[in-house]
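Chemist: The primary structure of each chain is shown beneath.
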Amino acid sequence: MKINILKFLGSLALFLAFVTSSVTANAGTKDDVIKKGSLDCGVSQGVPGFSNADASGKWTGIDVDMCRAVAAAVFGDANKVKYQPLSAKDRFEVLKSGQIDMLARNTTWTLSRDAGLALEFVGTNFYDGQGFIVRKAAKIDSAKKLNNVKVCVETGTTTELNLRDYFKANNLKYEAVSFTKADEAVAAYDAGRCDVYTTDKSGLAAQRTKMKNPADHTVLPETISKEPLGPVVRGDDQNWKDIAAWSLYVMIEAEELGVSSKNIDSMKSTDNPNIKRLLGLEGDTGKSLGLTPEWSYNIIKQVGNYGEVYEANVGAKTPIGLARDGSPNQLWTKGGILYAPPVR
Amino acid sequence: MFRIDEIKNSLKKNLQLGNLVPQFLLLFVLFFIVYYFTSNAQTNMAARNISSGFGFLQTNSGFDVQFSLIDYDGSYSFGRAYLVGLLNTLLVSSFGIVFATILGFLVGVARLSNNFLLSKLSQLYVEILRNLPLILQIFFWYFVVLRNLPSTENSFIFLDFLIVNVQGAYFPKFIFTNFNAIFYGLVCALLTIFFAQYYSKKLIYERGKSLPIFKISILCLILFTTIFSLIGNTDLQLQQAELIQNFGIFNYVGGVKLVPEFLALLFALSLYTSTFIAENVRAGILSVGKGQKEASKSLGFNNSQSLKLIIIPQALRVIIPPTTNQYLNLLKNSSLAAGIGYPDLASVFAGTALSQTGKAIEIIFIVMLTYLSISLIISAFLNWYNHKIAFIEK
Ligand SMILES: N[C@@H](CCC(=O)N[C@@H](CS)C(=O)NCC(=O)O)C(=O)O
Chain A
1 MKINILKFLG SLALFLAFVT SSVTANAGTK DDVIKKGSLD CGVSQGVPGF
51 SNADASGKWT GIDVDMCRAV AAAVFGDANK VKYQPLSAKD RFEVLKSGQI
101 DMLARNTTWT LSRDAGLALE FVGTNFYDGQ GFIVRKAAKI DSAKKLNNVK
151 VCVETGTTTE LNLRDYFKAN NLKYEAVSFT KADEAVAAYD AGRCDVYTTD
201 KSGLAAQRTK MKNPADHTVL PETISKEPLG PVVRGDDQNW KDIAAWSLYV
251 MIEAEELGVS SKNIDSMKST DNPNIKRLLG LEGDTGKSLG LTPEWSYNII
301 KQVGNYGEVY EANVGAKTPI GLARDGSPNQ LWTKGGILYA PPVR
Chain B
1 MFRIDEIKNS LKKNLQLGNL VPQFLLLFVL FFIVYYFTSN AQTNMAARNI
51 SSGFGFLQTN SGFDVQFSLI DYDGSYSFGR AYLVGLLNTL LVSSFGIVFA
101 TILGFLVGVA RLSNNFLLSK LSQLYVEILR NLPLILQIFF WYFVVLRNLP
151 STENSFIFLD FLIVNVQGAY FPKFIFTNFN AIFYGLVCAL LTIFFAQYYS
201 KKLIYERGKS LPIFKISILC LILFTTIFSL IGNTDLQLQQ AELIQNFGIF
251 NYVGGVKLVP EFLALLFALS LYTSTFIAEN VRAGILSVGK GQKEASKSLG
301 FNNSQSLKLI IIPQALRVII PPTTNQYLNL LKNSSLAAGI GYPDLASVFA
351 GTALSQTGKA IEIIFIVMLT YLSISLIISA FLNWYNHKIA FIEK
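Taken in sequence, the protein lines are chains A and B.
Position 17 of the first sequence, counting from 1, maps to 17 under my numbering, and the rest follow consecutively.
Position 283 of the second sequence, counting from 1, maps to 283 under my numbering, and the rest follow consecutively.
Just to be clear, a hint being listed does not mean it is correct.
[Stated by the list, open to error] So the derived label-pair ranges between C-beta atoms look like this: (1) B:F32 - A:W332: 41 to 47 angstroms; (2) A:Y339 - B:S151: 19 to 25 angstroms; (3) A:K317 - B:Q58: 47 to 53 angstroms.
[Stated by the list, open to error] With a Cα cut of at most 25 angstroms, we get these calculated DSS-like pairs of lysine-lysine: (4) B:K209 - A:K145; (5) A:K139 - A:K212; (6) B:K293 - A:K168; (7) A:K276 - A:K58; (8) A:K317 - A:K276; (9) A:K173 - B:K293; (10) A:K36 - A:K58; (11) B:K120 - B:K257; (12) B:K209 - B:K293; (13) A:K210 - A:K262; (14) A:K173 - B:K173; (15) A:K210 - A:K136.
Keep in mind the hints are simulated off the structure, nothing from the lab.
Predicted model, so just to flag it, every value in this text is computed and none were measured.
Each residue gets a CB set at the ideal place from its N, CA and C atoms; glycine is no exception.
For reference, chain A alone in the conformation it holds in the complex:
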């Protein structure tokens, strides 16, 4: 039988990988990663500011920096990462089947994904919510006025689920036109196939930069959902989960303590015990995680603290232009909700 089923074949391969792979009681993802010599990290197929490859193939974004932080912790070298771009639809199967070691792909933490898919969400590196973008010519200023519209959306996301909840709750008529790639959904919206495009608001800001004429569109004020985006690992390796989680916390804690990639070396002479512990000069945080004592130093030195990562990738001065002050993605001490447990 000649099978010509392109996408289907991908899933089939996964299926076969799954039924044929032997049950290795996961000795340790960390050891596997060290043996391979690089971290396989699942990212998006291109969301500027989160994970996006430039013309030379260099990846940047806050999700990319999440991968880099873990690589810095494990290898002492943030560049030892192999990026695997994934669609929303495929990401969890690829993670489950072991083709990647972690997923950092603007992925929303939900109960059914956390508990139902045998996965582990390690934290939140960006607090987001879903929104809508429309053409200015549509003369619409509120999502409540979207009636009888066609909405372009990416399949396999929380987005398509929230979309339905919102229109149903507000008794508005709509048609969801679903695509498997963000680029296709955006292009369809841009060509007039849909009247509205919807995704996480960070995604709207990012995708807008790809439209033919970004100034012709406007993001509606409503935020219709909670989208805590964060890295994900498989649920069968507690140590690996801890490594990923604390790689994130260290970046947040560093910002709170005023430690950055620029001043970290001068900070080594500090008397502050919190900073000393953070830098591995006191205590043995590395040992608990099975890492070298310099693991946290390497993250901050090579990747930066959370604030540096934020401003460089999605901050007000970038094309994405998401102001941090007043948003949840600010430290708890400055009115946001970023709060790292004590590193000790």
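Dock chain B with the ligand against chain A, hints included.
Modeler: Same frame as chain A, but now just chain B with the ligand:
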């Protein structure tokens, strides 16, 4: 699919002891392989704490689908979503098969025509469309042709019957009152046609006279349905989609709507497959001995009569088996739909439902089984047909 006597013969041969041992071995190996894979999958799932089972089919899907033949939205179950995908696959495949067959026959016959231009044009058609990858042709129709249609408020409108814009094509809905009458008219017409055919066969055998049975049939259909609908007071209303404005957004609502994703897939599948069918038709016609045509000429048949009554019936035996393959290919190729977002079985169920539930094994299993079953049904039907029209050798 198989002839009973063939099966009997091969069974007899196979049941000799010398043959039995290797066959049991083969069976054992097969059994072992299946057992190994299923038990391995189960252990893997247990080890990864993945719940299995088909219970999810009854829970709410939570997602909508833009194009569905049955009532569906996110409040229906995943099982219903499966049905939506299946029907969409069957819809595009059956339309595709019909169009590909008609086009294929026309092009195949035209290719053998004495008209130089016509035959060269058909050759060009076949050579171009057959040699371009199907996915590219789908993209061509979708991204190049249908994407560049005018916006909703500037739609092309043909005689108020067809509205075309970047969001799709709209036809009026046919709304009948007292449809029963037409239905009874149809039944009567079909019965009459059946008897007319029987009678005309008798006429041919007994007196060598032929009736214009095709014309009679058409006449019957028209006559009976109009008379019945007049008596039964049938009324037909055309309900075309209406342009609705909501601030600066224009949308057609109502009517029968064909989305561009469907149209692009249908065009590409029909044209691509028609080239292969055209080649089958050409080969079939060429396989009929030259003598047949000459003989029919000397019996006084004109060109179209000899094609219709002598050549095609014989050619069909050669055409049908490879054409069955093309039908199966078309069905399987329809799963390229995911590339442009047409909600077929593969993209709704093996795509969206799979990623929303994580039930990879169950879903892939269901989808494979479904494609396999449809394929087997199609080939069983065509094998039966081929067998029916085959020469009865004495
Ligand atoms: N946060 C949501 C949606 C995330 C998502 O996939 N968003 C799209 C739209 S911006 C995207 O990132 N697509 C990029 C791609 O397909 O590579 C989820 O986890 O389900």
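Chemist: Please go over all the hints and tell whether each is borne out by the structure.
Modeler: Each hint tested on the structure:
At about 59 angstroms, the CB distance of F32 (chain B) to W332 (chain A) disagrees with the hint of 41 to 47 angstroms. Under the hint 19 to 25 angstroms, the C-beta atoms of Y339 (chain A) and S151 (chain B), about 48 angstroms apart, miss the expected range. The hinted window of 47 to 53 angstroms between K317 (chain A) and Q58 (chain B) holds, with their beta carbons roughly 51 angstroms apart. Distance restraint check for K209 (chain B) and K145 (chain A): the Cα-Cα separation of roughly 72 angstroms exceeds the 25 angstroms cut-off, and the hinted pair is therefore not satisfied.
Only pairs whose Cα atoms come within 25 angstroms are accepted, and K139 (chain A) paired with K212 (chain A) is accepted, the gap being roughly 19 angstroms. For the hint linking K293 (chain B) to K168 (chain A), the alpha-carbon distance of about 67 angstroms lies beyond 25 angstroms, and the restraint is violated. Proximity of K276 (chain A) to K58 (chain A) is assessed by CA-CA distance (about 34 angstroms); at most 25 angstroms being required, the pair is judged violated. Under the criterion of a C-alpha separation no larger than 25 angstroms, the hint pairing K317 (chain A) with K276 (chain A) is inconsistent with the structure, at around 32 angstroms.
Simply put, K173 (chain A) and K293 (chain B) have alpha-carbon atoms about 62 angstroms apart, too far for the 25 angstroms limit, and the pair is violated. Taken as a hint, the K36 (chain A) and K58 (chain A) pair is honoured in the structure, with Cα atoms around 21 angstroms apart against an allowance of 25 angstroms. Only pairs whose Cα atoms come within 25 angstroms are accepted, and K120 (chain B) paired with K257 (chain B) is rejected, the gap being roughly 37 angstroms. Our distance criterion of 25 angstroms between C-alpha atoms is met by K209 (chain B) and K293 (chain B), whose separation comes to about 21 angstroms.
Proposed proximity of K210 (chain A) and K262 (chain A) is contradicted: the alpha carbons are some 33 angstroms apart, above 25 angstroms. About 20 angstroms separates the Cα atoms of K173 (chain A) and K173 (chain B), which keeps this hinted pair within 25 angstroms; it holds. Distance check on the hinted pair: K210 (chain A) and K136 (chain A) sit about 17 angstroms apart at the alpha-carbon level, within 25 angstroms; holds.
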